[in-house]
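Each chain is listed here by its residues.
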Amino acid sequence: MAYRFTFAGLARLGFPVLFGVALAVSASRADESFDLPSYLRFSGYGTLGLATSDTNRYALPRDQEDATGISSATSPLWSDSRLGLQMDAEITPELSATIQGVFEKSPSISFTNTVQWAFLKYEPASWLQIRVGRMGADSFMLSDMRNVGFVYPWVRPPVEFYGLFPIYSYDGADATYRARLTEDWSLELEGFYGLSRLALYNDGTQPSDLKFPVFRGGNAILRDANWTFRLSGVDGRIGNTIPAIGELTSALNGLAPLIPQTGAAAAAINLKAEVHFYSAGFGYDDGVWTSQSEYGLTECDCQILRSSNAAYAMLGRHFGDWMPFLSFSKVWQSHQQISFSAPLPAPQIQQLFAAVNESLQSGGLDQDDLSVGLRWNFTDKADVKIQYDNEHVHNFSRIWRPLTDTPGPNRGIVNVFSASLDFIF
Amino acid sequence: MRRRPFIAALLAILLGSPAFADETSIAVIANPASPIKTLSPSQIMSLYTGRQDSAFDSFSAVPLDQPNGSELRRAFYFSITGQNEAQINAFWARLAFSGRALPPRPMNDSAAIVNRVAADIHAIGYVTRDAVTRDVTVICDIKIKN
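Sequence lines, in order, name chains S and Z. Numbers 1 to 425, taken from this note's numbering, label the letters of the first sequence in order. Numbers 426 to 571, taken from this note's numbering, label the letters of the second sequence in order.
I should point out that these hints are in silico values taken from the structure, not numbers from a laboratory. Heads up, the beta-carbon is just placed ideally off N, CA and C, and yes, glycines get one too.
One-sided excerpt, in silico: chain S residues whose CB lies under 7 Å from chain Z: (1) M145; (2) F150; (3) V151; (4) K381; (5) I424.
Pairwise CB distance ranges (calculated): (6) S75(S) / D555(Z): 50 to 60 Å; (7) V563(Z) / M87(S): 30 to 40 Å; (8) A220(S) / D555(Z): 42 to 52 Å; (9) N533(Z) / S72(S): 44 to 54 Å; (10) L297(S) / R530(Z): 38 to 48 Å; (11) N226(S) / R530(Z): 22 to 32 Å; (12) D301(S) / N533(Z): 53 to 63 Å.
Hey, can you work out the whole structure from these sequences and the hints?
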């Protein structure tokens, strides 16, 4: 099944028109009077975002699938803007079907339509839910709702955490068991199994597909009226490599009979490996104070994606419809990356090993971000947010996209300024 | 019946209070044939915020909602959760757009809710006390908090 297909007509119609119509529907509260059969429900969400930074050397992508990125040299509109449309069909009280499409800017001038979810849900009892089809990868607290700006305080979920986990959806099945433990506390246990793939826009133009023939995991969520505690673990097996790494690997393997060291270098840049994601987090909201925090550990049975740690903490306070918030996020790696020295002085071999080292270094992650923001719910279904991020970057390699061939030092401070309008209907 | 909202609205203007300020509680109603005869406020909260509760293990309850943006909806959710309507909408948006659960279906008004509950054994709704008819059973009183 194709993940992204272009709607030429929609592209001509234009995102602003679609967005305007959706916003008008939201503002008119017309949802109750939609003349749909009673078993169908139509809903949606959208964000109109503007973001820029004080550098034109590197762009900060919202996540790995964001082809534009935020900088003073790129368009401010496309990183955060999107529109989601969902149709739910309640076939019987136990069985329902859901389809969700997301419209966002793609690197080719047109707009793409991503079928985000398409699944059947079966709930034989209130304690059991089974879903089959394409579903959101429920790996972290916000991972299956990070397109929906209205549900979280930031303009975008912390890039240090969510920007690195690119898997939005998978094809497979999940089962959720729900139990009421006490009057106040309930427990949810979920397991899922399937396959996934993602488009990486590392060079900002043509995406490279990375396939996950195995994508499985589970999570446990404990909650009461105000608190949510969550633990999760996800395993993914990467089934292919990206073209640049593939070419390098073939060249190295071709030389292996003559120069044994090339075999070790080829093994070091191998991407076909198991990746494990573990996380623990909590959320709190009593209607006045709100807080959310999460820690994640990514481990790979490969050299090129080194183990990394990511964490964030957010504190906000509701003042009626206003909510100022403060947030800190960080990503770091515990191990130094290995590097190879060329076994022969021949220029071609030198070049090859330089490329290997560059690939290995490109996995580097080390930065933190302090952000302050303000959210205003100007209706009960729409908000405006402004946010300032002070990014301390100790390694621009992996998250950031260089905008020129010689972007300069690999570390620095970047200030990011964002505003968004989010709505649901 | 028709004149009641007008009088209530007039009272509200005079007293500077919500349109149902003559009420101190909201009635949660079910079909008289429903096996659910009574629910605690905490079970009502579970039902209206998509949480599991053993009360609904053997019998599925389908909650109905007042229109978005209505004063009664605001007061109901604030009384059972302490959260305002935007927060409740954001809470449901999380469940709906991650494909977990759909929010209670909004009906046009209290009369529509009473009619639906009277006709559907699974339906549960909340209305002002004066909207309750003999065709439905009150299974819980939610004290209004402001």
